[in-house]
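Assembling the complex is the task here: the two chains are given apart, and the hints tell you how they should meet.
Protein sequence lines correspond, in order, to chains A and B.
So for the first sequence, numbering that gives the first Met the number 0 puts the first residue at 0; every next one is plus one.
So for the second sequence, numbering that gives the first Met the number 0 puts the first residue at 0; every next one is plus one.
Mixed in with the good hints there might be a few duds.
Capping the alpha-carbon separation at 25 Å, the derived lysine-lysine pairs in DSS-like fashion look like this [as the list claims (entries may be wrong)]: (1) A:Lys-2 - B:Lys-170; (2) B:Lys-129 - B:Lys-1; (3) B:Lys-170 - A:Lys-33; (4) B:Lys-126 - B:Lys-1; (5) A:Lys-49 - B:Lys-199.
The set of hints was computed from the structure by calculation and includes no laboratory data.
This structure is a prediction, so every number in the text was calculated from the model and none was measured.
Each chain, written out:
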Amino acid sequence: MAKPKAFVRKERCLACGACISVCPQDAILMVTSKALISKDYCNSCSICVKTCPIGAIIWEGS
Amino acid sequence: MKYDVVVVGSGPAGSVTAMFAAEAGAKVLIIERRAEVGVPVLCGEGISQKVDNFKVLEGTRWMAMKMEGARIFSPNGTIVTLSAEYAGSETGYVLYRDIFDQELARGAVKKGATLIVNTGAVDLLKKNGKIAGVKAQRFDETMDIEADIVVGADGVESRVGHWAGIKTTLKPYDLETCAQYTLTNIDWPTPYCDFFLGKKIAPGGYVWIFPKGKDVANVGIGILSSMSESGKALQLLDAFIAKYPELKKGSPVRLLAGADPVGEPIESVRDHLLLVGDAARQVDPITGGGLMTAIEGGKIAGEVIGKAVETQKFDAQTLSEYETRWKEAFGRKLHRNYVAKEILLDMEDKTLDMLADSLKDYKFEEFSTLSIIKAMVSKHPSLLVKLTPLLKLARA
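The shape of chain B in the complex, shown without the other chains (with noise of 0.2 Å):
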């Protein structure tokens, strides 16, 4: 059986690519690796609220919580908070990731597109030298699947983007590797989404904690790969937990291990191939949040798709106008980001805790980062120095 387009991964990036592939009239079959759709569950949950606006989940049953703000927890303590209303769009929903899964791969089902689990992709298949579609494996069996586009949705560890030729082999200064407790029956009652930084707690990352209910949060830790030693994460998040008892009274119901790419974004598209998500590194570097980039390129490159069929022409020319314009949305941004990722990384424990101490009584009104510079510096003047670079990025 032959498709129009065959998406390799059901995670929110796959199974947005395919419902606006799907609803642009194309023949779409999605392949999943695992038995069930979302699970296990490798994430932080953590969704900003410009996803109502895309329109690609009915109901709320994928919702745990409604946030809202957040707290930034400096590395003596000093906390900065972002309120809903004066932080605007970046509040959002702690999830339930796995029903968030379901339900877009089940959005991606209704506009037409198939959907099958436990049948991996072992390697592309090529046709007189083009890529022709993917080599699966369905239990013991093996399988071609034809198709004009395939879609490489398979995450960070992504092979399809590799097999195609394209570097998506990660530095281990542009990884975080994390882990993540999810704990019952704890004491930390607040509408907000924490986030503790410093070297000791989080080196290159940071801690967070993300309510899913009025007992039950998820606690977890990011670092960075090229300062991690074996099993640094889980042991750093073990030491976080015991020093809270609010926390540490607390039973997990579940750990997980976790991989983030926090690289620049690399190159998407090839002739009859394109990437989407954290395969195509549509990761923010500073915050490690990848799902609404994720929806948003999904979106972008159904629609690309939709196209590409109607033509019949699925070349890396035609496929192009995917990448110009995820770029464009968001990919800038990423790359500023990125930018700022690498100033944020050089300062000290001690500027962390001066920016905080200048931020923590200040009223996000005008929510520009000049203004927000210009507090800092009246407050601690020797800021002013350690602050140009991100300054001069915030003008570029």
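Looking at chain A on its own, in the form it has when it is part of the complex (with noise of 0.2 Å):
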């Protein structure tokens, strides 16, 4: 099975730009105020899961 892919909770992100700042992919962009994490780029790293301040990236279907 594919690893999971980083996921934004919507509701509870605060746009403070953490999880584009360290992400290796690329793969994040900041849409209408919120992370947004493109699947296709995402290579499952959980950089940006452990840095997100408020808990607000998850893991898809957790």
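The following block contains the structure:
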């Protein structure tokens, strides 16, 4: 099975940009003041999940 | 419509760059992705008094409190006080950052810059392989904005630098991940900015309390991303507040998340392009403070842009005067503090407690690194070994 991808819980995101600044895949964009992760680019490295100060990024399907 | 300069981002770095570029006669456009300049606030809202020297602000509407100094709380609670009398220019103000940013933007517009909100850059515009402006999006409309110089003032998550091929991705050990409440109805009446250290309190960072009024303060935390787990910054902040009844009784009127680059300065110039502020990593790696450096860097950027427009030369060599000048003005200090940060990160809580114990009664009359280290070592000789690397750095 493919690894799960990181996913932003929009209702929790406060648009600080922490995830974008550390993503080694350049897979995250800010869209209308919420971070959005591209599934195509995410390599499941978990850096953004660990970095989010308020726990807004989780694994898809979890 | 063609501009001399398009500035991406209306934070302090962008607005100050625009202000000085416009003053030098350049035709400047600032584009801001958000609907309101300065909102949401992503900041602890502290700034050094040095800001007064730059004369970029009118009035005091942006100022919440003038501070008399700082207190550092070691892991076991030993307090080291740096008072205004001795700490000199290191004291400062607590801001209303939204008003602060709007006042700087107003200053830029007053000098002749144009500002549009709700407009985000989505890519660089290129002509014959050269940067010729930005592609921007405003609501559903995509547009080309032509300009001879593009300024990336787009913060910690800078895309502009990335599009120009500058390596902007931060390693987790070079990013502080932050959370902050503005708490009201608290009981923390001090004229000091307080900093709390300790591996359990804030691994690789610190908790701060910056008073904004009699019973209002920003209470925030920054931890190193490499030592973080999902949501850990906010959990540790909640745990910290729960320990202090005088804070716990308060109510938050604001919660914000934040990201603070604490890496080394990066390349900030390309043909037709430069980066300022957090985008150029113009941030003190020890304190995480980047407002003063953004303003200082922005002023230099604006002046260099002014000259470039006058001579109509936009190549990297011409613009490199900016990089040379900001690295001279404060870049070397940032590099030195980056090395010092690494040494401090290696220190055990016990060592920090010993340091604090040596300094708690120390009168900072002679504020030199050497005199402070001498004072510390005379009380706790075992600190000498731990401090040798810092001593070497101070002498370098």
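Please verify whether Lys-129 (chain B) and Lys-1 (chain B) have alpha carbons no more than 25 Å apart. holds (15 Å)
Check whether the Cα positions of Lys-170 (chain B) and Lys-33 (chain A) lie no farther apart than 25 Å. Judged against 25 Å, a Cα distance of about 22 Å means the pair holds.
Keeping to a limit of 25 Å between CA atoms, is the pair of Lys-126 (chain B) and Lys-1 (chain B) held or broken? Measuring from Cα to Cα gives roughly 14 Å; hence the hint holds.
Lys-2 (chain A) paired with Lys-170 (chain B) [C-alpha distance capped at 25 Å]: holds (22 Å)
Verify the proposed pairing of Lys-49 (chain A) with Lys-199 (chain B), using a straight-line Cα cut of 25 Å. holds (17 Å)
Hint compliance for this structure: every hint is met.
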